[in-house]
Each structure stands twice: as structure tokens, then as C-alpha cells.
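Asker: Model the full assembly from the supplied sequences, consistent with the hints where possible.
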Amino acid sequence: MLCRVKKRKKFSSKFSPLPEMSQVSPLVALAGSPNCGKTSLFNALTGTYQKVGNYPGVTVEKKSGEVRKEGRLLFEVIDLPGSYSLDSFSMDERITSGVLLGRSKDVRTPDALIVVVDSTNLERSLYLAMELLRLNYPLVVALNLYDVALNRGLSLDLEALSAELGVPVVSTVAVDAKGISDLTAEVEVLLEKKSSVVLDPEVIREFSDLCRIEEKFSRISEILSSVTLSSMRPDSLTESVDRILLNPFFGVGILLFVLLIIFQAVFSWAEPLMGGIESLVGWLSALGTNFLPEGYIRGFVVDGILAGVGNVIIFLPQILILFFFILLLEDVGYLGRAAFLMDGLLRKFGLPGKAVLPLLSSHACAIPGIMATRTLENEKDRIITMLVAPLTTCSARIPVYTLLIAAFIPNDKILGPFLLPALVMLGLYLSGMFFALIMAMIFRKTAMRGYPSLLLMELPPYRLPRFKNLMVGLWYRAKVFLQRAGSVILVSSMILWVLVSFPKPPADFSQPAVEYSFAARIGRTIEPVFAPLGFDWRISTALIPSMGAREIVVAALGTVLAVEESGDEAEFERNLSSRIASTFGIATGLSLMVWFIFSPQCISTFAIMRRETGGWKWPVIMGAYTFGLAYLGSFLTYRISSVLLGSG
Amino acid sequence: MSDAIFQNLNMPIYAEKSSTQESLSEGTALLSELGVGVSGNILSLDHDNPNGEDQSLTKRFMRLGFLKGESVKLLHRAPLFQGPFLVEVRGARIALSGEEAKKIQLEVLPAA
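From first to last, the protein sequence lines stand for chains Y and L.
With this note's numbering applied, the first sequence covers 1 to 648.
With this note's numbering applied, the second sequence covers 649 to 760.
Just so you know, not all the hints are guaranteed correct.
Stated by the list, open to error - Facing chain Y, according to a computed beta carbon distance under 8 Å, are these residues of chain L, among others:
hint	residue
1	Ser692
2	Ser704
3	Pro727
4	Phe729
5	Lys751
Said to hold, decoys possible - Cβ pair distances, simulated, as ranges:
hint	chain 1	residue 1	chain 2	residue 2	range
6	L	Ser692	Y	Val24	28 to 36 Å
7	Y	Asp200	L	Leu757	40 to 48 Å
8	L	Glu747	Y	Leu420	39 to 47 Å
9	L	Ser704	Y	Ile522	33 to 41 Å
10	Y	Leu430	L	Ser704	34 to 42 Å
11	L	Gln703	Y	Glu164	25 to 33 Å
12	Y	Val332	L	Leu757	29 to 37 Å
13	L	Ser704	Y	Pro201	14 to 22 Å
14	Y	Ser487	L	Ser692	35 to 43 Å
15	Y	Val24	L	Asn689	48 to 56 Å
16	Y	Val24	L	Ser704	35 to 43 Å
17	Y	Leu229	L	Glu747	54 to 62 Å
18	L	Gln703	Y	Lys178	27 to 35 Å
Don't read these hints as lab results, they were simulated from the structure.
Where is the CB? At the ideal position from N, CA and C, for every residue including glycine.
Answerer: Here it is in C-alpha cells:
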């Protein structure tokens, strides 16, 4: 699939300034309120002719694409963030009104608009259309979700509605090709007329006048009552489903169950796929090892490039599984309900209810978790959630914890039947979530002062998911990840490879080769920094390759402690843990565990955060504060346990 | 149905709260004090902000269909830690947090 898309993209970039259109192609914007099905309409219009980016300086996603007929480019289309009005409050709305009012430096003023309205919620969603009509925008109204409205008994005189509004009205079902081609045809007619918008500041001012707002709503009611032939029945399905899903007793239980399923899926369904990717990379490495002559080139191809590519695509299964569920729940209408149920609790920590999903999915891996913060509209909320997400216990920490627990924690029973190692594991796990929430509260009280964004939002009616829409969404997530984060992860994996493998030791060097490498030299250099935490140069050295992924520290410790590699992984781990236990004291062991609760050292997290926030500022802040916490936590643990437990 | 029982269990908690609010005149209540299932007509959208210094919340309310005279029905209240409110206005379901619900003053309608 990826391959075919690539070809198409080349085709479009080569031919897009078509001969018959000498200037820039016309720009059409999709505008509409949240939940009106705008994104599925955008997906239906553009298919995979989509470009993704960010509006400069903010985390709001910019989606644009091309509408083609038989390969010919008709017009460019931009999907503006959901907005109820041009009088804007949220970051999303500011972007939308900026573009529509010709104030955006990034996007030119559109030549025509498709105003997407939710047919099941006409009064609210026609409001934006009323404002845009005041500006004389050339526009066509797309009555989206028209099938749902018809099913609920709505009957509208579309011609009368079109006459009342003075603009064409097209009924669309976002997945239906008929509505889409009608819509495209109407837009083409509009574009031919070449009328243009009048951005009168007087008119713009009236959008924030309370009386004028009321006037517009009563005008909408008037229009609707004159064109409605039969009105809609209440949505009894949504009512009864909400009675169960939002029930004070069952609601939270069901939510936890849903989250558990998602968490479980990201955690375990991804496992075989990740295993598959690993064995594929392993097989390719073996192939390279057999066919390439021994030397730098082989090392570079096998341990540099292949391992680096492996480090990138290893995340895809988790990202795709998580986003499958997010898109599904969003499509069905449950995502807003989940936020509703968790809002009270998370608000105590300065986070909105919607943060529940990114935070929980970070327990599998912070990469998909940070990508999932896209569901938060508010900039500050998003950044706080991203900053604290890496503190939750991701799955890469588990092998590290089990190794250290096996080495240092005696297998004693305490508190009845519970084993001490199990309790330590639970403690490590919970401290991740605990510190994430505490840090969210601290950020909210300091750098990100204020309150989490208002909850005030519409909960959409429940709908059946649209499979095609899900697939386009997933494809697009994968593309964003590979394009934006992939390159950083790849390059940093190669740098790490160079640090660990060069320079090669002289022939008479008796220690493991890694001791001669740049990594070991850096390890020795930074040893004084980590000595107060009880880490010697060997641990410091092992921490360097583990910046690629935390679990690598296990293998790296094996290398620096010269534990024999053996075919049996369990045996290797047993040998390694007893070697660790005999080399380091328990205070060092505990200190290292605490280090891994906080440590920011996964480069992929930095890469994805840079991509999501559009710069290095927030990744650097995240790195600095987690390093500070890790250092402080490990220092205190080492000092206190040295005193209490004796050994150093 | 069993959930009807749960809703009834819930009601006294919120009814109690409203009785402690004496500043409000007879028959009026804040949305935050309404019992589940109770409706009211909107009297004001900026309670405790009579001078209207900051109209932004009021305008956001209005765009979601909270207009003076419109009827609002409290459908659900989220259970955890004074969770948010879900109301029905003009045929749509709108979620608001406790702080937001305190801004809306209603004339309580008798139970249908």
C-alpha cells in the first residue's frame, strides 16, 4: 500500500501545475463545527491525496489535499479545524478564523468554501454558515450525515433551504460517492463565477456581539421551521446507550474495561508483530553477515542501518493498534464519553478528562501515547500531557525492572502470600503513574499556569464506525510517524552504533571490545557525574546505548560485565543478574531502578515529541526535568539505602 | 429498569445541595444544583459575573445553543470527584464541568 501511494505522490508533484491552469490551483476550505463528520468528508474528497503538517508554531494539525477527477487536479482543499464560529476561543478556532478572515500568514484566503453541517444538528451547525454568508463567501453547504437524519425521520425541502440561504445546498453522506460528485460539481460552478469574499471589519465585529448572536440563532430557527417538512425524532438509541455507559455505577467500570482491552491489545497483540519485525530484521542481518565481507561496511549495514530501520518500524504495530482503537472510539462517539467520565478526577491534577487515553496508552509505549495527545484540542493541555507521559511505566522498562529485581530483591514472602519482588514491581509501576500526575499538577501550577481547558463540548450521537475512514486515518498516522519521527530515530540509532563500535581495539586488547569504544570513554568521563548515584563507569557506559531503547541496557550490561552470550536467553539473564548482584551493592541496584522510573533516555520519545510540538523546546524541557528527577531520586535512594542497608 | 433506581439514588445528593443555596430566589437554581432528570429555562448565562466583564464563556455557551429562555435538562452527572454534567439543549447533548455549570441560572420547571 505504501508503495502505491508513493508512486501517486510522485505523479501528483510532477503534473500538478497542469497546462490548462497556468496559475496556482484554486483553494477550497472545508469549514464546520466539531463532530459534523468533516474529516470523513475530507477523506472521501481527497482519498490519499493528502498532505499533513502543522500550522507554524502550534501543535494544531494542518491537513490539505487535492480533489481530482480522472487524474486531473480540480482544486486544492484544506480541512480547517472544527469551529462553531468565527469569533474564536480555542487554538483550533483561532486557526480556522485566521484563515477564513484572511489573517493567516501560512494559508491564503480560500477562493470558495464547503461549509459542512451536521444534518442531525442543523441549528448549531448552520451558525457558522450564517456568519460566512455575511462575508459574501462563495460557498456551498454540505448537509453531512444526511442518511442518519433521514433515518430519524427528518424531511427537509432542500430547494427551499437553498433559496432561503441563497447558496447551493448538497446532501452528502461522507462515504457515498454520489454526494461527493454533486459537491465537487457545485464547487466547480462556484469557482468559475470568480466572485470573492468581502472582509468588512464592521461585519466581523458583529460576530462577537451578544445580541447579533441571538439574532442569527432566531433567523436560523425561522429558516428551519419554514423548510422542515417533518422534524426529527429524538435519538432514542443514544439516550438508552448513554443511560448505560454514563451510569454512575456501571459507566466507570465499563470505561476501565474498554481501556483495559485497549491497553491489553497495544501490549500483547503488538507482541507477535513486533517479534515478526525483529526476526525479519534478524534474518536480514544474518543475510548481510553472510554475504558482506567482514569490516566496517558490514558493521555499518548490519548494526547501523538495519538495526536503525528496525528501531523505527518496531513501533508501528503499537501505533497502529492504538490508533485503530482511538479512531474507532472517536467514530463511534465514545471518546467524548470517556473524557466526560474521567474529567472530574483528572481535573484535580490539572489535566482534562481527555488526557486519560494518552496517559494510559503510554504504559505500553510513550510514542503512541504522545501521538494520541492529538485528541486534546488545547495547546497547554497537550503539552502538559506530553511532558508527563514518558514517566508512566512503558513496556521497555519491564525487562530492566525484572533483571534488577532478580539481582537485588530477595524472594521473600511479606504481607502474607505476597512476594517481595512482585510488590517492588507493583511499586515501580504505580510510581510512574503517580509521578506523572504529580508532575502534571506542578506544570499546571508553574510553567503552564491556569486551568485545564473548559470541558464544554457536545457529545455526538452514537454512530456506526466507517471502515474506510478508519483505514485512511491509520494510513495517515503511520505515514506521519515514519516521515517525521523515523528519520530522527534512524540517525540517532546510527550515531549510537558508532559510539559503541568505534574505535576498534588493538589486537592485544584483552577486555571486551566495548571498553575501548567511544561509549566507554564517555562512560569513564561522565562517571564522576553519576558516582553520587552509585553508578560506576560500566553502568554509565551501558546507559549510553540504552538511549536507543531502555531494554537495551540489559544487553549492554551483559557486554560491559563480560557475561558470556549463550543461546539460552533465560540462562544469560540468570548469569547476568548474579553477576550484577556480585558486582554492585544493593544500594546501587535500588538507585538504578529509581533511575529507570524517571529517566528520559529514549531517543524515540524526543523524536516524536519534536515532531508533535514542532521544535526542540519541549523535548529539551522534558529531557531536563526527567533527568533532574531521575538524578535526585537515584541520589536520595542511593544515600538513604546506603545508610539503612549498609553496603555502598 | 435498574438504572432508573440508580438515578433515584443519586438525586437526593444534588437536591440537598440546592437547598443550602439561599441567595437564589424561589424557583430558580444554578445548573450545578439541578437533580438528574430535572429541567429548567435559562435565565442567565453569567451568574456571579453581573457586569459581564468577560463575555467569552457566555458566547461559547450561546454557540452551543444555550440561549435565554431555552430549556435545559440535566441528563447525567459523572460520578468521580464532582464530575461534569451532561445536559440536553436544543436536541444536542452538551457536557460541562462543575465550574461551567455554576454560571447558568435556571428557572426550574416542574417535573413532567
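Asker: Evaluate each hint against the coordinates.
Answerer: Hints and how they fare:
The beta carbon of Ser692/L comes no nearer than 12 Å to any beta carbon in chain Y, farther than 8 Å, and the hint placing it at the interface is violated. Annotation: Ser704/L was flagged as interfacial toward chain Y, and the flag holds, the nearest CB pair being 6 Å apart, inside 8 Å. The interface hint given for Pro727/L is met, as the beta carbon of that residue sits about 4 Å from the closest beta carbon of chain Y, less than 8 Å. Annotation: Phe729/L was flagged as interfacial toward chain Y, and the flag holds, the nearest CB pair being 4 Å apart, inside 8 Å.
At its closest, the beta carbon of Lys751/L sits 10 Å from a beta carbon of chain Y; the interface hint therefore is violated under the 8 Å criterion. Taking 28 to 36 Å as the suggested C-beta distance range, the pair Ser692/L and Val24/Y does not conform, at roughly 50 Å. A hinted range of 40 to 48 Å for the beta carbons of Asp200/Y and Leu757/L is consistent with their spacing of about 42 Å. A C-beta distance of roughly 45 Å is found between Glu747/L and Leu420/Y, which places it inside the suggested range of 39 to 47 Å.
A C-beta distance of roughly 52 Å is found between Ser704/L and Ile522/Y, which places it outside the suggested range of 33 to 41 Å. Range check, Leu430/Y to Ser704/L: about 39 Å between beta-carbon atoms, so the 34 to 42 Å window is met. Evaluation of the 25 to 33 Å hint for Gln703/L and Glu164/Y yields a pass: the beta carbon distance comes to about 29 Å. In this structure, Val332/Y and Leu757/L meet the distance hint of 29 to 37 Å, their C-beta atoms being roughly 33 Å apart.
In this structure, Ser704/L and Pro201/Y meet the distance hint of 14 to 22 Å, their C-beta atoms being roughly 20 Å apart. Taken as a hint, the range 35 to 43 Å is violated for the pair Ser487/Y and Ser692/L, whose Cβ atoms sit roughly 55 Å apart. Our hint of 48 to 56 Å for Val24/Y and Asn689/L holds, since their Cβ atoms are close to 52 Å apart. Judged by the Cβ atoms, the range 35 to 43 Å given for Val24/Y and Ser704/L holds: they are separated by roughly 37 Å.
Remark: the range hint 54 to 62 Å for Leu229/Y to Glu747/L is contradicted by a beta-carbon distance near 42 Å. In this structure, Gln703/L and Lys178/Y break the distance hint of 27 to 35 Å, their C-beta atoms being roughly 43 Å apart.
Going down the numbered hints, you'll see the structure goes against 1, 5, 6, 9, 14, 17, 18, while the others check out.
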